[in-house]
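Chains as they are written, first to last, in the numbering used here: chain A, 1 to 421; chain B, 1 to 310.
If you are wondering where the hints come from, they were derived from the structure by calculation, not from laboratory data. These numbers come from a predicted model, not from an experiment. Treat the hints loosely; a few may be bogus.
To be verified - Quick list of the computed label-pair ranges, beta carbon to beta carbon: (1) A/PRO151 <-> B/VAL290: 48 to 58 Å; (2) A/ASP232 <-> B/GLU241: 35 to 45 Å; (3) B/GLU84 <-> A/ALA60: 14 to 24 Å; (4) B/ASN269 <-> A/SER381: 48 to 58 Å.
What the hints assert, rightly or not - The calculated lysine-lysine pairs, modelled on DSSO-like cross-linking and capped at a C-alpha distance of 27 Å, are: (5) B/LYS159 <-> B/LYS12; (6) A/LYS195 <-> B/LYS288; (7) B/LYS87 <-> A/LYS195; (8) B/LYS87 <-> A/LYS305; (9) B/LYS201 <-> B/LYS217; (10) B/LYS288 <-> B/LYS217; (11) A/LYS394 <-> B/LYS87.
Heads up, the beta-carbon is just placed ideally off N, CA and C, and yes, glycines get one too.
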Amino acid sequence: MRTVLSNVTLEDGQSADIAIENGLVAEIGKLGAGIDCSGLIALPGFVDVHTHLRQPGFDASETVLTGSKAGAAGGYTALMAMANTSPVADSAGVVEQVLELGVSAGYLQVQPIGAVTKGLEGLELAAIGSMASSRAKVRMFSDDGNCVHDPLLMQRALQYVKGFGGVIAQHAQEPRLTEGAQMNDGALATELGLKGWPAVAEESIIARDALLAEQTGARLHICHLTTAGAVDVIRWAKGRGIQITAEVTPHHLMLTEELVRGYDPIFKVNPPLRRTEDTFALRAALLDGTIDVLGTDHAPHSIEKKDCDWESAAFGMVGLEHAASVLQDVIIGAGGSWELFAQVISRRPARIAGLDNQGLLSVGSPANITLVDPSAKREISAQTHSKSSNNPFKGITLPGQVVHTLYQGKFTVKDSELQTL
Amino acid sequence: MKHLISISDLTKDRAISLLDNAQELAAVNDRDVKKIPALRGKTIVNLFFENSTRTRISFELAAKRLSADVINFTASTSSLSKGESLKDTAQTLEALGAHAIVVRHPASGAAHALAHRGWISSSIINAGDGSHEHPTQALLDALTLRQAFTRNGDLAGLKVLIVGDILHSRVARSNVLLLTKLGAKVEVAGPTTLMPAGIEKLGATVSHNFADSLAQKPDAVMMLRVQQERMQGSFFPSPKEYAANWSLSGERFAALGKDSVILHPGPMNRGFEISSAAADDPRSLVLKQVANGVAVRMAVLYATLSGEAN
């Protein structure tokens with residue numbers, strides 16, 4: 001069976017038709033009639049390096065199936081599933097279970113991330129090698145939610161994964177500097193009486209780990225950068241030739257600590273929303289390549305976890321279904337190119353995560369393709385395909401709409417409608 | 001005025017009128033029959049998630065003097081661990097007929113959540129939330145200062161020094177906001193480790209030297225309690241060193257101007273942040289603060305429950 005996407009606009013602005021056969025891109029060129037895609041940008045399917053799918057253990061908030069649907073609706077063809085499930089993804093059994101749930105959901109590639117330490121407790125290494133050699137072939141490891149704060153353990157983890165080309169994704173949060181922390185440290189935290197989460201708690205860990213990555217020669221990925229100072233540290237580390245990559249979330253690019261003023265836990269997230277000048281620094285760093293990728297840190301929480309007072313509420317926000325729109329605003333809105341957009345949301349995440357079948361759009365590559373209507377404007381709704389509605393962008397109008405998503409040549413989203421598989 | 005959550009919710013005029021009403025209501029405390037029927041038929045719940053016998057008794061007395069029915073609901077930490085949420089507790093109390101809920105909670109923002117999240121429609125009075133605010137404490141301090149310096153309206157030009165653990169103090173935040181709103185010049189003083197970032201944005205000047213601050217001849221010195229748990233938190237090397245630098249000792253007290261007054265929100269750590277020489281001197285207004293607390297809380301309860309327009 002042959003599908004032709006006619007008259008798409010490629011990243012470089014050229015117009016073309018794309019033919020898909022047997023789940024692969026068969027031809028790109030002038031191929032004649034097919035599904036009319038005039039006005040749509042064709043991009044390699046989006047890849048999220050940082051998703052919380054919550055299964056096993058927290059199925060009330062999200063499942064692999066509902067998270068996959070949300071991902072497909074947002075234009076994703078691959079999600080990296082974080083390890084902080086229950087049980088924790090710290091053994092071959094759990095990562096294989098997540099992998100299988102992803103395959104049976106079928107909307108996109110679900111690739112498990114393994115825990116760095118047993119139970120995310122930061123005390124001893126998890127079964128990194130058996131996860132790597134399991135059917136899930138885990139290459140990315142993270143204790144996200146917790147920081148691997150013990151420097152010796154971090155050093156060993158970096159050394160260990162280097163042996164098979166793995167990467168450690170660090171949640172950079174010095175725990176002693178953030179005990180009880182509730183929001184960005186500063187004058188607003190003082191006024192609201194909420195305990196501050198200082199920038200130095202993030203920046204000091206990034207600096208330490210950059211040096212450990214240099215010493216070990218291993219690959220290090222920094223999750224959710226949030227401060228101008230962290231950008232400076234990454235820039236310095238890259239300048240030294242350290243193998244470090246960095247990620248930023250949609251919410252840290254666009255939202256600021258001012259939103260905490262009403263104590264609405266929908267805006268409670270870890271790391272916290274920062275100052276306006278931090279969002280500017282993050283945007284500039286994304287445009288100049290200091291920050292490599294967008295990672296959603298999609299963190300669904302059931303209503304009970306948010307319908308309470310600020311300090312009792314859980315940290316986290318959903319992100320899969322509006323991430324591309326935020327990125328369009330940040331990159332295209334600032335005069336950046338669709339090529340850079342594709343780098344940030346697809347090509348580089350695929351490379352960092354070691355997903356060989358993702359982040360490609362060329363003849364012979366798997367047909368993981370997302371088509372975006374850049375001229376659309378839409379108001380973000382809280383009622384979506386995710387099981388949870390903790391969406392800080394609710395009610396905000398953003399540019400861009402995912403019109404079609406194809407995973408392995410099949411439409412998972414067609415004409416902006418999620419397909420039943 | 002439906003709620004009182006933060007001093008920032010009050011205009012200067014509104015704050016002065018609350019103080020004026022409190023001054024009038026204070027007269028009720030001097031009568032033989034200490035009761036007026038202003039809030040007869042109203043039910044007020046004191047919802048305390050933190051132990052504070054003083055504040056609770058003060059609110060209870062204020063409500064009773066206005067003839068309201070009072071329920072005291074002291075949620076011990078054990079009932080929190082039973083898993084009932086703040087929302088459920090508040091909705092239960094409203095279903096029981098509460099018109100106003102006076103809430104004390106260890107989490108900053110808890111009173112704000114009760115007032116503004118759409119869970120309930122009762123009036124909410126913040127009796128202290130985390131290290132955010134304690135607005136009735138600031139009002140009673142302002143009333144005490146008005147009386148001490150025979151002011152009728154605001155506190156223009158009065159120099160007030162607040163000393164101690166500013167970082168964790170809701171009393172300090174509410175007082176900085178209210179006293180500056182009323183025209184006073186407020187300085188906060190304490191060790192750098194107990195000074196919150198950006199406190200000057202709330203209107204106070206900052207000092208890290210007690211002697212320098214005292215040399216400016218403040219009209220009033222408010223000493224804050226240092227909580228026991230701060231003694232272990234590496235905020236200062238030892239209680240002894242803290243006391244040496246920050247206690248209102250007999251010597252420091254003696255150096256104060258003759259017309260200066262001393263305030264303390266209580267309970268006092270005698271011999272630690274305040275010496276008995278200072279605490280027991282006639283210039284110490286600590287007991288006046290306690291008495292004014294009842295009057296101020298009567299005024300606040302009346303303003304929130306009488307249906308009086310803003």
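With the threshold set at 27 Å, check whether the alpha-carbon distance from B/LYS87 to A/LYS195 stays at or below it. holds, 22 Å
Has the given pair, A/LYS394 with B/LYS87, been kept, meaning a C-alpha gap of at most 27 Å? holds, 23 Å
Are B/ASN269 and A/SER381 spaced within 48 to 58 Å by their CB atoms? Because 54 Å falls inside the window, the suggested range holds.
So if I understand the rule, the pair passes when the alpha-carbon distance is 27 Å or less; does A/LYS195 with B/LYS288 pass? Violated, at about 33 Å.
Mind checking the hinted window 35 to 45 Å against the Cβ distance between A/ASP232 and B/GLU241? At 37 Å between Cβs, range holds.
Has the given pair, B/LYS201 with B/LYS217, been kept, meaning a C-alpha gap of at most 27 Å? Holds, because 23 Å separates the two Cα atoms, which is no more than 27 Å.
Is the straight-line distance between the alpha-carbon of B/LYS159 and that of B/LYS12 27 Å or less? With Cα atoms ~18 Å apart, B/LYS159 and B/LYS12 stay inside 27 Å; holds.
Hint check: B/LYS288 vs B/LYS217, CA-CA at most 27 Å. Holds or violated? Roughly 22 Å between the alpha carbons, so the hint for B/LYS288 and B/LYS217 holds.
Take the C-alpha atoms of B/LYS87 and A/LYS305, compute the straight-line distance between them, and say whether it is at most 27 Å. Answer holds: B/LYS87 to A/LYS305 is near 12 Å, not above 27 Å.
CB of B/GLU84 to CB of A/ALA60, is that within 14 to 24 Å? holds, 19 Å
Check the following: the C-beta atoms of A/PRO151 and B/VAL290 are separated by a distance inside 48 to 58 Å. holds, 53 Å
In summary, the structure is inconsistent with hint 6 from the numbered list given earlier, while agreeing with all the others.
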